[in-house]
Amino acid sequence: MKFPFFKQQDLQDCGPTCLRMLAKYYGKSYSIQRLRDFSFTDKNGSTLLGISDAAEKIGFRTQGVKLYFDKLDGVTLPCILHWRQNHFVILYKIKNNKYSIADPSIGLLTLSEKEFKENWFSHSELHNGICLLISTTPNFLDINEDKSNTITWSHLFSYFLAYKQLFLQLILGLIAGTIIQLFAPLLTQSIVDVGIYTKNLSFVTIILMAQIALFIGSISINFIRSWILLNISVRINLSILTDFLIKLMKLPLSYFERKTIGDIMQRITDQQKIENFLTNTTLNTLFSILNLFVFTLLLVHYNLLIFFISIVASGLYTLWITAFLKRRRSLNNKQFDLSAQNQTSLMELFSGIGEIKLNNSEKRKRWDWEQIQAKLFKFKVDNLTLNQYQQAGSAFINQTKNILITFISVRSVIAGEMTLGGMMAIQYLVGQVSNPIEQLVSFIQAYQDAKISLERLNEVHDQKDEELSSGYYIQDLPLKRTIQIQNLNFSYPGVDNPLVLKNINLVIPEGKITAIVGMSGSGKTTLMKLLLRVYEMKNGEIKIGKVRLSSLGYRIWRQSIGVVSQDGYIFNDTLLANITLGDENPKIDDVEEALNVANLSDFVSELPFGLYTKIDPKGHNLSQGQKQRLLIARAVYKNPPYLFFDEATNALDANNEREIMEKLNYFFSGRTVLIVAHRLSTVMNADNIVVLNKGNLVESGTHLELVTLKGSYYELVRNQLELGL
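Letter by letter, the sequence shown follows residues 1 to 725 of UniProt numbering.
Just so you know, the hints here were simulated from the structure itself, not pulled from any lab data. The beta-carbon is built from N, C-alpha and C at its ideal position, and this holds for glycine as well. Check each hint, because a few of them may be wrong.
[What the hints assert, rightly or not] Derived DEER-like restraints, expressed as beta-carbon distance ranges:
1. Lys98 to Leu172: 33 to 43 Å
2. Ile414 to Ser220: 17 to 27 Å
3. Asn222 to Glu362: 48 to 58 Å
4. Tyr26 to Phe167: 39 to 49 Å
5. Val547 to Pro498: 48 to 58 Å
6. Tyr473 to Lys247: 16 to 26 Å
7. Phe379 to Lys98: 23 to 33 Å
8. Asn222 to Ile403: 25 to 35 Å
9. Tyr26 to Asn487: 49 to 59 Å
10. Asp476 to Leu172: 12 to 22 Å
11. Lys247 to Asn96: 14 to 24 Å
[To be verified] Pairs of lysine-lysine, PhoX-like flavour, derived with a Cα cap of 20 Å:
12. Lys502 to Lys529
13. Lys627 to Lys663
14. Lys250 to Lys464
15. Lys71 to Lys57
16. Lys24 to Lys2
17. Lys546 to Lys587
18. Lys512 to Lys502
19. Lys57 to Lys93
20. Lys538 to Lys502
21. Lys380 to Lys363
22. Lys93 to Lys114
23. Lys464 to Lys247
24. Lys543 to Lys512
25. Lys512 to Lys627
26. Lys71 to Lys24
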């Protein structure tokens, strides 16, 4: 039995994809997303412990071992190997010192002993490698497989239903075009056999005029067909892309923390391949099939032997091209990976140019980019080689066919079995039969590309929405809005990851200012992200009044909060649009009030276009302090009942910070405020200060109470205040 193979969809998917192949080998099918979740796959991939945990969740028994090479013959296959220290593959067969590998990034490979050792050994001086032994348990057959909710071809073709009238016009145009082409060989034969043979110039003139008329008709039909096709393709493309973006926007924030921008952008490129297949390729193929049917019948009428030669040659041509489909699929996947790497590398190169230059790492970063280009060059060489093999074989088949048909036609003319006009008509018909065959082969290749792209798009559609359609969510804030955190424990996704927050019990009173302080890594920002619902809790509870935060609708909660985070984003838009984000009808009075609170009024008045001045992408034409003040103005303009500030003033100078905090303290009146900060000046006036230490809540109280206590808070702020106590 051939070992089942699946290609990893993303750079970090090698571990879950290995599990997917093993499950299929033993007769079960699981979606890659489910295995990703079980393996705790993130931007850095999966750990061996994560893969082991995922395997046991779907009914396997696992054992992670470090083996010497000579012990490998005694293990049960297939098993998972840690490969090149940063990858996972499956070893599924050892025979005659040949090692059969399923590499999710490449395909099924057979390696020599030397090649195997070079890739598996954890170090060149050590003769051992890491292996995850896997076998099934009785529970394996009892665990339910996935029922996929992915989009299918029938779903995609449903986009056509909205444009039935346009498609009807298009089909009529295809039929008309075929009929016009049908007259071409008959007119050609008439010119030679009647016009030339009888030396009737008037007849030839009439036929040529008819050909001109048919040519004008054909061109006109093609022009109209192109406009209709453009209209359909643009609309369908927009519909598919819009639906994809709608789905993408419904995903939880944690999804975007696991994915690189390059991966997401490549999926949008994949969508364009699907749109092209659905419109241009499919419709052109339908036209070709119609032509193939009509011209084949006509060719049978002219000469049965030539028809058979043409069909046999077309069959050989099809077999030759389809023989390369598996290799093309591998290259297609490789292109996706390399394109994603290249896009991410370039974005990092330009986004981080400041840090790169300040740390003199231009050469190293350029070398990293050049290594990707070298891989892209090798891919292009492989792709060109494949295309050349295809073209050489297909050209040989076509040329041989043409020579045979020409020989048979000429012999028939010499023998008086066929007229010269008939021979010319046959040459035209053979070309018309060959073109649809080539179009069908192109259709198969385009279908393969679109199918691969659809698999990648389904990786997004397989994700659960942030707000499930089957769930009930409260769409109004409760009357009592105190935030209560009870018995909260949290660790980041992963196997045996340590707790970041430990048994947190905290009340954030409505209308009061609560500050959270602590050393770096104490869990302050994590606690805020849980309140913002970036992450979902697994242990513990957060309530707004008596309502669980998890029961509250995402939109109503985000509408009720204003956030100033350390990594707030500045958009490539006007200053006004950046402040009034999400408001289609900005209130200028409220904008001016927000500018005043954020101490931005003087800055805006000096700009050439005031509020309508365009900001560079990511705010490159603003200082760090100006960016932070703009983010504060955005939160103030929103005028929400809750405010969450995470190091909101750390980039401000002392004067600006003092003035802004004075204005903010007035703005905070009647609002529930949570401030995370290191700097004492931003938290000392809080109604309650909470101290976190290594995920534990160790102290709480006012500034004066905690200083008097001389505990953790006192140690944190002593140097800042220079108390000298």
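For this session: For the pair we were handed, Lys546 and Lys587, check the Cα-Cα distance against 20 Å.
Result: It is violated: about 34 Å lies between the C-alpha atoms, which goes past 20 Å.
Exercise. When you take the CB atoms of Ile414 and Ser220, is the distance between them in 17 to 27 Å?
Worked result: The hinted range 17 to 27 Å is violated for Ile414 and Ser220, with Cβ atoms some 41 Å apart.
Exercise. Measuring from beta carbon to beta carbon, are Lys98 and Leu172 in 33 to 43 Å?
Worked result: This hint is violated: roughly 59 Å between Cβ atoms.
Exercise. Going straight from one Cα to the other, do Lys24 and Lys2 come out at no more than 20 Å?
Worked result: holds, 11 Å
For this session: Assess, step by step, whether the Cα of Lys57 is no farther than 20 Å from the Cα of Lys93, and give holds or violated.
Result: Measuring from Cα to Cα gives roughly 25 Å; hence the hint is violated.
For this session: Evaluate the given range 12 to 22 Å for the C-beta pair formed by Asp476 and Leu172.
Result: violated, 55 Å
For this session: Take the C-alpha atoms of Lys512 and Lys627, compute the straight-line distance between them, and say whether it is at most 20 Å.
Result: violated, 27 Å
Exercise. Quick one: are Tyr473 and Lys247 within 16 to 26 Å, going by C-beta?
Worked result: For Lys247 against Tyr473, whose Cβ atoms are near 19 Å apart, the range 16 to 26 Å holds.
Problem set entry | Restraint status (C-alpha distance of Lys93 to Lys114 at most 20 Å) | Holds: Lys93 and Lys114 sit about 16 Å apart, inside 20 Å.
Exercise. Between Lys380 and Lys363, does the CA-CA distance stay at or below 20 Å?
Worked result: violated, 25 Å
Exercise. Does the structure keep Lys543 and Lys512 at a Cα separation of 20 Å or less?
Worked result: Holds - the C-alpha atoms of Lys512 and Lys543 are around 16 Å apart, at most 20 Å.
Exercise. Would the pair Lys71 and Lys24 pass a check requiring their Cα atoms to be no farther apart than 20 Å?
Worked result: Roughly 27 Å between the alpha carbons, so the hint for Lys71 and Lys24 is violated.
In summary, the numbered hints that this structure violates are 1, 2, 5, 9, 10, 11, 15, 17, 18, 19, 21, 25 and 26.
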